[in-house]
Amino acid sequence: MPERLRNLMGLFKRKNGFSAEEIITMVNAMNENKLTEITLQERGRTLTIKRSQDSNNNNDSTITVSEKTPDTVDQRDKTLKAITSPAVGIFHLSPNAGSAHFVSEGQVIEPGQVVGMIETLKVMSEVKSDSHGRVASIEVKNGDMVEFGQTLLLYEVID
Amino acid sequence: MVTNFERILIANRGEIALRVARTCKEQGIETVAIYSEADHDSLHVKQADKACCVGAGISRDSYMNIPNIICAALHMECDAIHPGYGFLAEDSRFAEICEAHEIKFIGPSPLALKHAGDKFLMRHVATGCNVPVLPASDGRVTVDNANLTARKIGYPVVLKPRSGGGGLGIRHAMDEHALRDLLIDSGVRHSLNKEDYFMEHFLGRPRHIEVQMLVDSNKNFQAVGLRDCSIQRRKQKVIEESPPVRISKDIEDKLIESARCICKSSDFTTAGTAEFLVDGDKFYFLELNPRIQVEHTVTEMLTGIDLVWEQIRLAGGDSLENIISECNGENFPGQSGHSIQARIYAEPPIGLSTSTERVGKLRLPGGPGVRVDTHLYPGCSVPYIYDPLLVKVIAWASTRKEALKRLRRALDEIFIGRIKTNLPFLKRILGCDCFGKGEYHTRHAEEIIEADQLNEEAESKLFIPGNDPGTDMEPVIAKQ
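Order-wise, the sequence lines are chains R and P. The first sequence lines up with residues 17 to 175 when you count with our numbering. The second sequence lines up with residues 1011 to 1490 when you count with our numbering.
Since the hints were made in silico from the structure, they are not lab data. Since this is a predicted model, take the numbers as computed values, not measurements. Worth double-checking, as some hints may not be accurate.
[To be verified] Calculated lysine-lysine pairs in the PhoX-like style (CA-CA distance at most 25 Å, straight line): (1) P:K1162 to P:K1292; (2) P:K1060 to R:K157; (3) P:K1129 to P:K1056; (4) R:K157 to R:K144; (5) R:K138 to P:K1056; (6) P:K1229 to P:K1274.
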């Protein structure tokens, strides 16, 4: 297993996805059997790993890891809850460009706390948390368009 | 000129969203569907190139949520919005907002929508064109002047909201007693005080005849045939046919000329319908519908013209001359034969009108001369919060008699599992003598139902055993 990939795996801190070990095992299985694509599907989670086509003989070939978002949060980790978008618009992680983000991964959030903003036709609406929890992951990039009901961030409920 | 729209957002759901998407697909235009949380598994979402959820189930939060829809159109880089029918199709404010964001609203100008939406103003437009209208109040009707006004214009009368329609806010009074009863109803009093209502005389048994129109931005006008939409139930059209039977050439020409003048005087452009009531050899202007209608399909079957595509072209600034030269040329609209449409509606059990049902088995008709427009598929959800229209079946044949046989045959082929529908009612009407002869009027369907309800035997015939409403078990037909 290339060191580079192992380091990359370190980025997967999410509770809901696949662990680094699982992904490494799958990549090893691909290498051993000379597979170009592998998909692991289980209840609530799907992982596809693809090797780029134009570099079959290159040991250092690119591997794309894509994880399909499950349909509902219930199917992921039961302890994670979602904050969804109340409108169609542009998602903002901070009140204005350059300023600090409302929240970051691992941060504790309180009921009523602003976690982001949605800009719909130049009108900003605040997205607030409705319970006490810890941010597990932010699911949308700053500046991305979101649709109604789209998951913006996932958090662990703290009782 | 070729329409230069590259991507159109379809601000609607159900069969009409699918209908618009189909034309766009044929013409190489990309489509963006919008949907509510109740419609995520809907066919119009699956068929579009892209989709955006715009809100919760109820229409005002989703299909009528202007900021979310405009925002979706902007970020998904749409150059036009097709509003379909219902929802925002006749909302002049929505058309204005589209214009402000440089998105083409596929329909007439905001001003023309304002005119068409003002029923009282449109009466004046018609009068200005020397088109007859039914006697009405001079202005706003109030609880105090209602009696006097009714006596002046003659019973029976109808109270109509000046703006808005769809037959929801309309109240009828057959005579003085009925009007007195209406006026002590707190709901009616509240409406009269709050909203701008006017009073109009109404006809007992008229026919509803309408002119399909195409109008370009230079106000060139072309009628694309007439339709008879007299078979109605609870103020909703259920069966439509084209051409109308027993309409003299003289009346037909007068209706078309009236429609032409009314369009010109009210700034109407693109595709729409002028509605008239016909009573013997007299006719009266009813209203102008500035949008594509549910029954446009009847005209499409008769002429072969894609009305949705012509509407898109006209909205994009194309000329009627171009359109005519490309569709049948001199013979435009080039209609032949006869077509009849039946609308299959869901009839949700009382008390369940906000729930969702899932279609079980589904069998749709086919064969020669039959067109089916529907958003249903086996297992799809039918949220009862929206318009209950499920399937449109249109039959075409070279004669009316054959078209009717064909439609009846097609309806016999249909099975929609687990959803209670109006199929028995449609079959009853299409099977009656009066419809066969083409002798019917706007009260016809309801009179038949009323007569049937008095006759229990007929009632049991209406609901054929094995075709129980709401079942997923197909009827077993004994074969010899």
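Looking back at the numbered hints, which does the structure fail to meet, lowest number first?
-> The structure breaks hints 3 and 5; every other hint is satisfied.
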